[in-house]
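From first to last, the protein sequence lines stand for chains R and L. Counting in our numbering, the first sequence runs from 2 upward without gaps. Counting in our numbering, the second sequence runs from 43 upward without gaps.
Keep in mind that the hints were calculated from the coordinates and are not lab data. Treat the hints with care, since some could be wrong.
[Said to hold, decoys possible] Rough simulated footprint, nothing fancy, chain L against chain R, three-plus residues with beta-carbon under 8 Å:
no., stretch
1, 14-27
2, 39-50
3, 60-71
4, 128-140
Ideal placement from N, C-alpha and C gives every residue a C-beta, glycine not left out.
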Amino acid sequence: MNPQAIIFYVFAAITVGSAAVVVLARSLIYSAFALLFTFFGVAGLYVLLGADFLAAAQLLIYVGGILVLLLFGVMLTHKLYDLDLKSGVTQFGAGLILAAGLFIVVVKMAVTTTWAGGPGRPPAVTTADIGTLFMGRYLLPFEAASILLLVALIGAAMIVRRKTNA
Amino acid sequence: MIGLQHYLVVSAALFSLGILGVLTRRNAVNVLMGVELILNSANINLVAFSRYGAGNMQGQMFAIFVIVIAAAEVAVALAIVLTLYRLRRTPNLDEADILKG
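Using the sequences and the hints given, assemble the complete structure.
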């Protein structure tokens, strides 16, 4: 077993194990910090797949932005004196059966399909290519994503403002 | 030798765990965490196919846009959760049943 396989299994175990803690933990803070480890594991998998810019972007945006936002959400949706940040489950049996069935079906499909082999892309530095593509072929989606972020910013601020009787 | 199917199995596991989180958790922020797991699993699929299949950068570009959209979605979803909490004083989604017939 070469070192790349060992590193892959380590990152895969971190990712899937932390995701299980996210979904199954009783306390919300445990879920949030396990989500942090899940994002780190996914960034490691990106590096193994040769997507170095994407791994850095994942860490910056997901861990530094989205996770902090989720922690804000956890902290703001409980009373200040209520230190019992627990989260219950509803209909866990049915959900477990459905998720396990889905997992079995998708894994069977993924393992038994003969995927169309292509030239593949050996890991290389991707930042220059991504920059060129953003300014060239994917310029319209890039601008649309910028407008989407502006709309989300304004919309989120509008939704939570306190309506004062002016 | 680590191939395409290894990454597909990992992403399938993340996807099923995300579905489990969305279906069974009561707290709204926990459901959002499940949605983030689903988005990450789709991203792993995209990047794995970009690496092992076509060989171009389309998978990674798509994954970057998915990350951008996930960030915008979490912002708006948390705004909705905070407003819901302000109205109903509870973060549990199954108690937001004003529209229930």
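Right, here's what the structure says about each hint:
no.	hint	result
1	14-27	holds (count 6)
2	39-50	holds (count 7)
3	60-71	holds (count 6)
4	128-140	holds (count 5)
In summary, the structure agrees with every hint in the numbered list given earlier.
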